[in-house]
Amino acid sequence: MSMDLEDAYDKLYRYCYHRLGSREAAEDAVQEAFTRYLASGRPLGGSAAMRYLYTVARNLCTDEYRRRKPDPLPEDLPAPADEDARLEDMALRDALAKLDPDERELLLMRYVNQEPVSLMAALLGQSRFTVYRRTQAALHKLRAYMKEDEP
Amino acid sequence: MKKSERSALCRAMEAPPPLKKRAFLRGLPAPRPSLISVILSQAGYIRKTTWVLSGALFALALAAALTLPADGLWAASALTPFAALLAVTELSRSRLHGMEELELSTRLGLRAVALARMGLIGLVHLALLVILAAALPETARAGVYLLTPYLLTDGLGLWAARHVRGREAVYVCGGAAVLVAGLGVAANAMEAYAAANFRWWLLAMVLAMALAAAEYHTTIQKSEELSWNF
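Going line by line, the protein sequences match chains L and H. Take the first sequence: its position 142, counting from 1, is numbered 142 in this note's numbering, and each next residue is one higher. Take the second sequence: its position 100, counting from 1, is numbered 100 in this note's numbering, and each next residue is one higher.
Worth flagging that the hints you see were computed from the coordinates, not collected in a lab. Predicted model, so just to flag it, every value in this text is computed and none were measured. Where a beta carbon is used, it is the ideal one built from N, C-alpha and C, also for glycine. Any given hint might turn out to be false.
Stated by the list, open to error - Derived DEER-like restraints, expressed as beta-carbon distance ranges:
1) Val206(H) <-> Tyr132(L): 52 to 58 Å
2) Asp102(L) <-> Ala214(H): 57 to 63 Å
3) Asp7(L) <-> Trp51(H): 50 to 56 Å
4) Thr35(L) <-> Ser41(H): 23 to 29 Å
As the list claims (entries may be wrong) - Listed next, the in silico EDC-like pairs over lysine to aspartate or glutamate satisfying Cα-Cα at most 20 Å (straight line):
5) Lys2(H) <-> Glu6(L)
6) Lys2(H) <-> Glu115(L)
7) Lys20(H) <-> Glu88(L)
8) Lys21(H) <-> Asp94(L)
9) Lys3(H) <-> Asp89(L)
10) Lys2(H) <-> Asp28(L)
11) Lys2(H) <-> Glu103(L)
12) Lys21(H) <-> Glu88(L)
13) Lys3(H) <-> Glu88(L)
14) Lys141(L) <-> Asp94(L)
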């Protein structure tokens, strides 16, 4: 099965961006991950390729993180036009900022990038059950923080 | 998770648009497809008639084997060359139609296409031969009787497809299949299927296997040479 390169690039970029908080650093990490993958001679496609790309990107982000402290959650995101949605997004972003980086990573991968639990389990070196349980716990925590912020 | 909740999360976690994506993706070499995807893509290009006729031939051979206890073995054995004929004509289709240069210019190339088709048809035919042999008494012996004419026709057919151009190659391959099937009928008349002659069948199978392997190898090598000349 061939891979949608653009989709893979977007997912990895989003992942790296939320780990590093910098557009340039995230793009550098994504491109380095792709370059390393292609140099390995493996065919692009399937979950194995995506797992490899995430693993390389994650390691590159960790190296970059050690070099410099990233912003916890970037602020230069496009805001929705609707006022209610804007307020909801602000509350959600505040709640996300209260989560641990690992919890944010789980939510991003599962609900934003829509990666299967099996891929996340392989990437994080945990059982699928553990990943599922931790993702659910992070989601409950996020909802609880949002409720706390409600007037 | 609710749909609205998910879209809010997506909005909150969206990253600003990347700046260098287009340029980077344009510069990437075309992805090399995996072996499985090559094989699966080629499965769609094998003519349906090849599969239908293969199935019909093996069904006929199976029916003969089950309904004719005395003559089932040689009858089934005489039908397998026609299955090999189907494999050879499918494998050499681009050559038979004078389209090999066009296939060489494709992303996969003639060699990969030929290997994928050969692997697919070979595997399906092997599975059908195993089923057929299992339905016959003395499965191992029956396997040799079935495999020998198949491999012999494969070898002769591939040789013909390499040496004869165009439509005539199909007739020569068909002639080879009829010749081998006729040899099977003659072998039955001469009681060659008797248990005492089995060692000669084993020898014939080894020779047919060597011929088929050599012809497959040469066919693939020739497609490599063609790609150098292209």
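So, going through the hints one by one against the coordinates:
| no. | hint | verdict |
| --- | --- | --- |
| 1 | Val206(H) <-> Tyr132(L): 52 to 58 Å | holds (56 Å) |
| 2 | Asp102(L) <-> Ala214(H): 57 to 63 Å | holds (60 Å) |
| 3 | Asp7(L) <-> Trp51(H): 50 to 56 Å | violated (34 Å) |
| 4 | Thr35(L) <-> Ser41(H): 23 to 29 Å | holds (27 Å) |
| 5 | Lys2(H) <-> Glu6(L) | violated (27 Å) |
| 6 | Lys2(H) <-> Glu115(L) | holds (17 Å) |
| 7 | Lys20(H) <-> Glu88(L) | violated (31 Å) |
| 8 | Lys21(H) <-> Asp94(L) | violated (29 Å) |
| 9 | Lys3(H) <-> Asp89(L) | holds (15 Å) |
| 10 | Lys2(H) <-> Asp28(L) | violated (34 Å) |
| 11 | Lys2(H) <-> Glu103(L) | holds (19 Å) |
| 12 | Lys21(H) <-> Glu88(L) | violated (30 Å) |
| 13 | Lys3(H) <-> Glu88(L) | holds (15 Å) |
| 14 | Lys141(L) <-> Asp94(L) | holds (12 Å) |
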